[in-house]
Structure formats: structure tokens, C-alpha cells
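Fit chains U, D, W, F and C to the known structure of chain A by using the hints.
Now for the letters of each chain:
There are 6 protein chains.
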Amino acid sequence: MSDGQTATKKMRDSVSAASISAQLVKRGFRTRSIANITPINPSANRIYGPAYTLRYIPMREDLATGPKTGQSSNPQRRAIEEAPKGSVLIADTNGLDVSGSFGDILVARLSQRGVSGIVSDGPMRDISEIKQMNFPVFSKGNAAPPSYTSMMAADTQVPIGCGGVATFPGDIIVGDEDGVVVIPQDIAEDVITAAYEQDLLEAYIRARVENGESIVGLYPPSERVLSEYEEFRQEKS
Amino acid sequence: MSDGQTATKKMRDSVSAASISAQLVKRGFRTRSIANITPINPSANRIYGPAYTLRYIPMREDLATGPKTGQSSNPQRRAIEEAPKGSVLIADTNGLDVSGSFGDILVARLSQRGVSGIVSDGPMRDISEIKQMNFPVFSKGNAAPPSYTSMMAADTQVPIGCGGVATFPGDIIVGDEDGVVVIPQDIAEDVITAAYEQDLLEAYIRARVENGESIVGLYPPSERVLSEYEEFRQEKS
Amino acid sequence: MSDGQTATKKMRDSVSAASISAQLVKRGFRTRSIANITPINPSANRIYGPAYTLRYIPMREDLATGPKTGQSSNPQRRAIEEAPKGSVLIADTNGLDVSGSFGDILVARLSQRGVSGIVSDGPMRDISEIKQMNFPVFSKGNAAPPSYTSMMAADTQVPIGCGGVATFPGDIIVGDEDGVVVIPQDIAEDVITAAYEQDLLEAYIRARVENGESIVGLYPPSERVLSEYEEFRQEKS
Amino acid sequence: MSDGQTATKKMRDSVSAASISAQLVKRGFRTRSIANITPINPSANRIYGPAYTLRYIPMREDLATGPKTGQSSNPQRRAIEEAPKGSVLIADTNGLDVSGSFGDILVARLSQRGVSGIVSDGPMRDISEIKQMNFPVFSKGNAAPPSYTSMMAADTQVPIGCGGVATFPGDIIVGDEDGVVVIPQDIAEDVITAAYEQDLLEAYIRARVENGESIVGLYPPSERVLSEYEEFRQEKS
Amino acid sequence: MSDGQTATKKMRDSVSAASISAQLVKRGFRTRSIANITPINPSANRIYGPAYTLRYIPMREDLATGPKTGQSSNPQRRAIEEAPKGSVLIADTNGLDVSGSFGDILVARLSQRGVSGIVSDGPMRDISEIKQMNFPVFSKGNAAPPSYTSMMAADTQVPIGCGGVATFPGDIIVGDEDGVVVIPQDIAEDVITAAYEQDLLEAYIRARVENGESIVGLYPPSERVLSEYEEFRQEKS
Amino acid sequence: MSDGQTATKKMRDSVSAASISAQLVKRGFRTRSIANITPINPSANRIYGPAYTLRYIPMREDLATGPKTGQSSNPQRRAIEEAPKGSVLIADTNGLDVSGSFGDILVARLSQRGVSGIVSDGPMRDISEIKQMNFPVFSKGNAAPPSYTSMMAADTQVPIGCGGVATFPGDIIVGDEDGVVVIPQDIAEDVITAAYEQDLLEAYIRARVENGESIVGLYPPSERVLSEYEEFRQEKS
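Residue numbers (this note's numbering), protein chains in the order written: chain A, 293 to 529; chain U, 293 to 529; chain D, 293 to 529; chain W, 293 to 529; chain F, 293 to 529; chain C, 293 to 529.
Worth flagging that the hints you see were computed from the coordinates, not collected in a lab.
There may be inaccurate statements among the hints.
As the list makes no split between identical chains, a pair holds if one copy fits it or if it spans any two.
Dumping the calculated SDA-like pairs for lysine to any residue here, alpha-carbon to alpha-carbon at most 20 Å [said to hold, decoys possible]:
| hint | residue 1 | residue 2 |
| --- | --- | --- |
| 1 | Lys377 | Gln477 |
| 2 | Lys318 | Leu355 |
| 3 | Lys318 | Arg352 |
| 4 | Lys377 | Pro461 |
| 5 | Lys377 | Glu520 |
| 6 | Lys432 | Gly456 |
| 7 | Lys423 | Asn333 |
| 8 | Lys528 | Gln477 |
| 9 | Lys432 | Asp389 |
| 10 | Lys423 | Asn328 |
| 11 | Lys360 | Arg516 |
Chain A on its own, in the form it takes in the complex (with noise of 0.2 Å):
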């Protein structure tokens, strides 16, 4: 159903997490989905764009402490500022779980720098600030501490585990309501490609369902509905 074409914008903007993930369990990776990570923003539920990695490491008290942690060479700084725009900052926070790993300000200066969005696999703080900001922030619960309390930032753009998900700098990130999936990224624009067209002969299933058909023969499609679904594409273009 690929053909291997260039993502669109149109696909970028709309392909949903679940259909990328059927695509990628279709070749071979079912392994790809971030759980239980949520956006923070209601106005502000889907992301895109290409992995920009930071590792953190468990905090050791005689070195995270607040003035050290703004350090220019901290990592975590550096990756606030060198982060591509359109990139997606994406955090392994190593099962941390009891303070922020980003607050307001850095979410902030991010926005501001035209990054994409973040994706951390632990908690967030300033949140009711992060919620007035219109940027996309995937993560898990949220805490009061500042993130030097329990972690610190190890280095940036290496590969990195993020909820149980190898993510190397580069890999495509698509978030959405169900969830963030990371996708290699020599195999991403075919399969964003495949998903967008997966979403739309799935809306159009649904519809059919919606006006009443059984599932049987229409979901997973027969040869006969994917050469009706043919049809009503080429009469909808």
C-alpha cells in the first residue's frame, strides 16, 4: 500500500501513532511504542519531527546541586540550546521517577527556538505553566522537584533507551493520544507513507461500519472492499 514515496506535510500533520506502529510491527519491529506517556497540553496532542537525544543518569549529591545544573556544559543545557529546530528533544530519564525532568523555562526557551516538541519517559514540573504554552509535552505524571534532586543530564545524541524503546538521534518521533513511536529512521518516510494510507482506508471502514456493515469481510478489508475503497478514491480525486 507504500509506494515509497516522500511524506507529505499532510501526512506529517495527521498519521496517526497507531497505524505507524501496525506498519512497523508489518516489518519485523513490534517494539517500537512508547507506553504510558501522555501529552500534557490538550491543545497541543500530537508530535513530530526527528529525534534529538539526551541521556540522564541517577543524581550523585555532590554534583547536582542548582548552580551546577545551569552550567553551560551541563548537558541538559546545551541540549536546550542546540537542539534543531523542528527537532524533537526526547529523554531517557533511566526509570527516574520522582522529579521534573524539564520545568517551564526550558520548555519555554524550546518553544521559542522552534523545536518540535518533547518526549520525556519521566515527569514533568511547572505544569500548570507548561499548559498555557501551545507546544507538545509527552510525558509520564508529574513532581514538584526540580530534576537535580534525583537526576542529571549524562551527555547528548547518543542512542538511548526511551521507555523501553531504543531511540537513536534522527529516528522520526510521531506522538498522538495513544501514545509515541519511534521510527528508524532509513525506513521512516515509507513508513509514515504506508500509515497515512492505512488511516485513510481505515476511516473509510469506518464509515462503512458507522452506516451499518458488519465487520466480516470489511475489517481486515477483503480483495473486494480494497477494490471498492479503490474506486471511491478515485471518484473522491
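Coordinates of chains U, D, W, F and C only, in the frame set by chain A:
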């Protein structure tokens, strides 16, 4: 407080899971409530109906593929077409929480067929689509991957465990924002009637509390309060 | 940054849990924040007041019944009538998470009596009713069963552990969407004042970030930024 | 099967936690067993005695220091010197599992003083030293840090929750490799006697099973089997 | 490396779960290993045989009583008398972990009947008795309460999920100290033969490692190492 | 109590993780102990040496295959050949717990090369083989699948988080049955010396306890006890 009479439609539409749970405890049932599942749709946050059960087991890679999942002999698909009008489709996901137990097309079909709603102790996918349907779906968390990446349906209409609660086909399922309770079929009418009465009594008590009374003697109600309540009811009717 | 002066009403009404947590860390307290609890009411998502503590232990079947629960000697009921106006009723549920630690009638009574709010590290029940009260309730999850199916109150006004945080009667409780922090009583004024100052400074910093400045030198603020901030404050006042 | 007579020393020395649990269930107590704790010493894997309770709460950094821990007013130290000869010191660690709730010196002192043993729902430290004492210690896991890094003792001889089980001072504690059960004091003699009888009957049944009989009619025993057992007992005595 | 020949008794008696798991992965099966269960008896820490399945669901208080549990129609009791000689009784406990899924009398009967062993993803009870039988029992943890306090048997010989692994009647179960693997019946002979060959090869490699060789080129083995191994085998036979 | 002198071999061979943890807390380090990992070999239950770190991330299906795992460029294999004699190979498994982080051949090679031992916060495989080597392996649980079914090595000698503890290359690792502690390199000598002194003092205190003394004034030791201890030491030397 229960007179054993048949539960009326009004009772069914408003009785609270909290009072049902209390009435079940009174009858010796301390473990009839499914914890940690919530309604996906704010506009459809109540569920009521007899259980139609579905049992999942972990997937096996050679059996759990998209096409095989769609075969009409697949118990999941059979459930979608067979769960009776008015029933609640309730699923035991065997503790599997990394893929969606149902997606929007199956949910749409159940809604079309007049099923009352879905309860799953696992995640859902296509959540933004499901949120737009006026149909009660109670589940735990979100996940982008299709069900077959972690689970496959084993059978329907057998006794299951949903979220730690033994559920038999025909048991009465009642859910609201507090969670979902499962009432053994042969005591359901009695429990629902008594719980509805308890709801009315507690609304009366709460009104008095909101007028400034202490809970001492009022909650739980003394004999005097109970007779004042009887008076109040008779005046009202 | 703290001048030790008494925290004003304005400070109390707006100070963030995030900044309080940072100020506590500065003073050597790294473990004063309750994770994974959230406000039930979007319209009452801040809490502030001195702690009135309640301790639950697991229920024992012969003691944990509805009527016994209602006796005025029951510490839960005593807490409802005794927690002082303005205080925060804070409960240690001993890790029990399958029944509601409070329901709507008790919440209504606390609200009537002028208590500031409730914090529980366990679930609530009667959630749809509680959502309609304009009263702060911070808890973890939802559960339909009444408290006595899994827990019973043991005593009040003793030191407790709430969500992993040591809480003494009189400690100052502050909560918002980031979570709840517990400030030791004798440093509360100082911590709140300093946190409020930090909030103001961070709002100033964030405004500059939103105007396009880099965080380098700005956050954490350099000496220069701090003196510019002082200027800004004086102009403003 | 219980005749209500006083539990003899033989009963106390051999009665199984498994049968006690079954007898408690018969009397309506389904939640009296502490799961997931095990004896540290293979050579001291039984424990028996009335409960002396100790309650921990989370540490607070300014209070939880080595020297303060050692003050004789510290409830932990008081417990070590006050728990009566023959009693079981049982601790509620409030879910804190990253530091040892007791170490070898305190254990040695309890052993010296004739206390029957320790039950904790948290970890122990100095495990290799404790393994060399012939003294029953039941706990959950291991941890190197001293108790004061995560917990501090709050009081003694109050009702506690140990591993999810309500425990009152004076309750009878019985433990073996299956776990630890807590028997309400006023039914302890009756439960222990009945459980001991059950142990004898089950040993008889198991001997017949090992001689090749089917469990049908034998386990649970039919009337005929019960009368054969009575005969067997009379012959034996 | 597998020649498809029938697995010999020697293979069955020694093949490692680790190598079987590796062979299953080679064939596309990444999820066939039950984690976190261990053998109770040090002297019986291997298990092998075709699966006879048993499925538990949560107990319901009116059905889960001692006497009802003993009825011969109870699937648990039926399993005990019907599981064929040589088979492995494998149980899905539906995530219930607070009561023993089997006790010593049932284990003794299975041993007497020539069943090969038991695998349960829940706890066992009567552990000190079971430790004295020379019979393989693989389970997770310990618990004193009888099974009926938290679970009841629903049916036998249906597909189940044991510890997250889909298990069909007749699948081949192999377990050792690394855990338990479940081999789909129709590839079992092939997988076991190949795994046994892998074990032999790895023993050879390990011997060379213990003689001081680097793993480079040796593990995984280069073509040269593989031909040296062939030579070694021929010399040996 | 520490005189800053270099830690002797005797100190290194016997110092306890428990006392090291206490000394670290004294210096402000409350989070330096890895919980819930245990030695596999009863005969090799102590570990000591400078850290050589290895970092795993989740596997990606197209990269995580047996042969790719064996390439000498694979950081896992590099670690096996490069970890210096005397060092402790310590691995961050990124929370992945369903496959073995190391197996017997790799362990044998490390042992051969004179590495001091292995610490992993994930499971091991080939456990029965490893148990026969006299080599310290500290890990969490058991798993049959090879590492590449869930994880792949990302790099070596970078700062990692092992079981929630920040670990830098060169940090001193000490482990025994209480768990594993990680000492920052620049305070290691001082901490170990002080901990060894603490062990000696506590052995003296315990001997007095075993002779019947109360812990009051003895533990923690009063000034008088400390001077008696000094006397005892001088007599002894």
C-alpha cells in the same frame, strides 16, 4: 432497605458504583470492584449491562498477525458481532498492557450494534477517535500498537478475571468515575435496588451536611435520622 | 533571597510547589514531595494549610464494617469533626489502594467546616460528586469500595508517612498540579517566602526567554541578570 | 475439629502458617497473611509469639541521623530494650524498601533478651552476620544503608499494618517458609488448636496419597475418611 | 545445526532453557520465556514435558470455599487426577499472588501419578513439605493462604497465558534455574535438537575460554572454530 | 575515626557494604546503594574493585541478532576483552529485565582475564553454570533468553545509572550479601578506611551485646565506651 423489587430503568441509569460496592460488601463480597480503570469519554462516563466476556492470552508470533486477527473465527471478531444488544463487552487482557485491546473500528461496530459499552483491564488505542463517539469505554491507559503485538483472543463467554474480579457471562456490570463493579447475576436486582436506595438516602444526608449539620448521628444515620428521612420521602412523593 | 519576613496571604495563595521543593533542597531536604497524586477538581487545584494528620492501617474483617466505621470514636470520623478550620487533612493510607479513603459526604462536611482541603496517598470515591464541590482534594486514583473494605483509621495527629514523606501535625502543606510538598513547620515561613521570591524571579526570566533570549547566563541567572532583575522590581514598585 | 482447649507447646512449635491461614478464612478472615517475606536464617525458619509492634515513617533529613537514631528516646531503641521476652518484634516500614530496618547489633540484643524473633515488611542489613545467629528474622529483601537513610521510628505498641495485615499489640504471630500470619489475640488459642488438628489430618491424608490413593473423597476428606482417621488416631494413642 | 532428528532422552534430560530460548529467537519467537519463576527444590531444578494447562480466575466469595474447592468437578481437582503421566501441569494464575496455587497434598498426588512437574506463575504453599519431595515445582514466591482465598480454577486444557507466555496444551515445557520456556508443539523436536547441539558447542567454546582464549572469533564461533569443533566431535566419537 | 591512610588489602577484603553506606551518608551521600541485587554464587559473595562501565539500551529487532551481537565492535564484547584486571564490570540494563545481561561464556572469559566480578541491575542466564565458577556475579533475577532479545550494548566507560546509583568509571564498587555500594573515586580510600574502622568497632560492640549488655550508651557508643574500645584495641595490638 432493599425490598427485592425489580430494578427500574431510573435505578439502572443512576445507581452509583460506590453504593453498589457497599451493598456487595454487606452481602460478603469484598472483591467485586475493578480498580484503576477509567472512562475514556467524559460524555459517556457511565456503563450498565450484562457481561459478555472475552478472554485474551499473550500473542504467539506465528499466530498473532494482522490478517489472522481478522478471521471471523477469531474470538475477538466473533465477540464484536455476537455480543448482544444492551450487553457490556468485558475483556480479560491477562495482564498485558503494551498494546491496545480494542481500536476505533471495533468500538464503532459495537456502538452501531447497540452494545452498551466496553470494559477492558488493558489499554485502548485510537483514543482520540473513540473520544468523539458517545459510547462508554472503560479501560486502563493508552497504547498505540494493535492488540496482536502483545495479545490474542482465546475465547468468549467463559468466566474471566477482569482487573482482579471474577466475571461470569451475565453478571451485571455497572461503572462510573469511581470504577467498575461486577454484580453476580442472581443478586443483581436486589443489590441495585438497595444501592439506589442508599444513593437517595446519602443525597439526603449530604444535603443536611451542606446545611451545616455534623456527621455525628447523621452519617451513618441514627434511627431518628432514618425516620426523618422516611418522613421526607413521603412528603416528597 | 529570603528575608525571613512572614509569608503574606498573596504568597500563600500563589507560591508554587515546584519552587518550594527547590528551596527545601537548598536547605538539605531532598525528600519532601509527594509524587503521583493529583487534584481531583480542575477548579480547585491548589491547596495550602497546616497538616492535621490521619493514619489508616489495613482493615480487619471483624472491625471494619459500615456501622463500626461510623462510631464517633472512629478516628476517621473524629478527624472530620476536629480538623481545624484552615487546616489540611492529610492521610497515610499505608499503601492500601483498592478502596476510597474518603467519600463525598465526609468531603462535604470538611468543606462546610472550613477545612482547607484533603491530601491522601490513596484513592477517593464519589469522584463525580466531589468534582462538583469547589474544594481541593489531592489523591491517587479512584476506587468504588468504601474505605472499610481495605483500611481502617488508627489515630489522628500523629506523625505519618504520606506518599513517602514524613508529615508531622502542623507541617505546612502546599499543593498544585505538580504535586504536594510538606514543609517542616519551623522553616515554613522562610521557605515559602523564598519560594515566592523564586517564582517572581523565574517569571521574569521566563518573560525574557519568551522574548528570545538564550538561557545561557539567564537561567540560572548571572550576577548581571540578578541586578537587572532588581532594577526591574524597583521600577515596578 | 477444634475443641477450644489451650494450645500446647507442641502445637505452638509445629503448627503451620498454611493451616492457620485456612482456619482464619473459615472464621471470615481472608487477609491475615503477610506475603513476600521470608526467613533469613535457614536454621531458624519458624517464628511464634505475641506481637510487640514498631512503626516507622519516612525519615526527615534533619531528624534522621546516626546519633539521633541512637537516643534512648528513639522508639526503635526503646523497642529493642522493651519488647518482652517471648514476644515477636513486628515492624511496619511504611513501604520504605531502600534501607535496612534492623542490623546485626540490634538483632543480637533482641536475641540476648529472649525475644522470639523479628518480622519486618522491609529489608534487613548485616545479613551475613544475622545468618550466623540462630534467631528467626523474617523480612523482605536486603539493603546496605542504615535504617535512618530512609526511615525513622515513630512509636511502639500501636496498631500497625505489616505487609498489608492489621496487627495489634498482643496478636499472635506465626511464621514459617510459607510466610507470616497474624492471629487476632482473642481467637488465637482456638485457631492454633484447630490448625494443629488440621496439620495432623493433612499429614494422614498425605500419607495415604503417597501410598497411591486418589484425592477424590480423600481430600477434602469424606465422612468415611474422617472416621477412618479417628480410628487411626485412637490406635496411635 | 539441527538435523531434524527426534530429540533423544539425553537431549531432553540436559538441554538448557537458555539455548532453547536462543533457538526460538532464531525462529522468530522472542517471547517464549517465563521470567521470575524459580524451582523450589534444589534437588529437582529441571522440568521437561508436554503442557497440561490449568486456568485460574479470581475467587468469588460465595464460590471459593474449602469444601467447594474439593468437589471432583472442580477443575483444579480434575487436573490433579487427569494430567497425564509425563506431562507438566502448568497454571495461569491470572496475576493473583496472595495465595498458594498448590499445596503439598496436591503436589504429592501429582508426583505419585507420574506427572513430570508443576509450573505456576503464582505462589506455592506448604513449601517446607514440598522441598522434601524430589519433584520439580517452578513457581513465583510463597504464600500461606489456601488457593481459594484469592483464586479459583476455571477450566483445564485451554490455551493460557503463564507468566506472559501463550501456552497451548501439548506445548513442550522445559525449565531450569534460568527459567521456563514454552516450545510450540510442532517445532519442539527441531528446537530441542538444535538447542542441545548449541549446548555442546558452547561447552566446547567455554572449555577453550577457560584455557585462556579470547572470545574474539571464538564466540560466536568463526568458520574456523566451527570446523575445529567438527574435528573435535569426530575424534570424540 | 578515619585517619585518611591508604586502605589496606585486609580492609578491602572484609569491609562491609553496610558500613560503607553509613560512612557515605555521613558525607552527604544518601543514594549510593544498589538495592535488590544479590550474589549468585554463595561461595563468591563479596565483590571489590574499580568500576568499568557498560551501558545497555533496548534492542532494535534489525540490530539485535546473535551474529551482530558477536561482532568485536559490539560494546558488550569489547567490554569483555577490555575491562582491566581487578576491575568490576558494572552494567546499566536500562530497566530491561526479561533477558540475561550476561551468560556463562562471557563470565568465564572475565574470570580468566582476572576481572574482579560483575554487577548488573538486570538478570543473568546460564545460572547453574555460573554457580560452579568461583567468581562474584551480582545481579537481579534470572532469565533464559540471550541479552539480544531485549537489550543491546550502547557504549562502555561512560557514566551510567546502575540500579538507581550514578556510577562513573573508576568509582570503587564494594558488594556483599547486603547489596552493592558505589563509592566516588576521590573519597574511596577515606570511606573504606573509616568503614573498616566502623566494622571493627561494631564487632566489639556486638561482642559486648552478646555478653548481655544493654544497647543504651553502648550503641551508638558513649564517650566512655569509645575509650574502653581504644583500650581494648591497644591491648590487642
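Going down the list of hints, with the structure as the test:
Taking identical chains as interchangeable, the C-alpha atoms of Lys377 and Gln477 lie at most 20 Å apart only when both belong to the same chain, with a minimum of 17 Å there against 39 Å between chains. Proximity of Lys318 and Leu355 under a CA criterion of 20 Å is satisfied inter-copy only: 13 Å between copies versus 45 Å inside one chain copy. Only between protomers do Lys318 and Arg352 lie at most 20 Å apart by alpha-carbon distance; the minimum there is 15 Å, versus 43 Å within a single protomer. Proximity of Lys377 to Pro461 under the C-alpha cut-off of 20 Å is restricted to the intra-copy arrangement: shortest distance 14 Å within a copy versus 34 Å between copies.
Taking the closest pair of Cα atoms, Lys377 and Glu520 never come within 20 Å of each other, the shortest separation being 42 Å inside a single copy and 30 Å across copies. Taking the closest pair of Cα atoms, Lys432 and Gly456 come within 20 Å of each other both inside a single copy (13 Å) and across two copies (18 Å). Taking the shortest Cα distances, Lys423 and Asn333 sit within 20 Å of each other both inside one copy (5 Å) and across copies (16 Å). For the identical chains of this complex, Lys528 and Gln477 are neighbours neither inside a copy (32 Å) nor across copies (50 Å), given an alpha-carbon limit of 20 Å.
For the homomeric pair Lys432 and Asp389, the shortest alpha-carbon distances inside one copy (8 Å) and between copies (16 Å) are both at most 20 Å. Within a single copy, Lys423 and Asn328 get their C-alpha atoms as close as 19 Å, and across copies as close as 18 Å, so both meet the 20 Å cut-off. Within a single copy, Lys360 and Arg516 get their C-alpha atoms only as close as 65 Å, which misses the 20 Å cut-off; across copies the closest is 18 Å, which meets it.
The structure fails to meet hints 5 and 8 from the earlier list, while all remaining hints are met.
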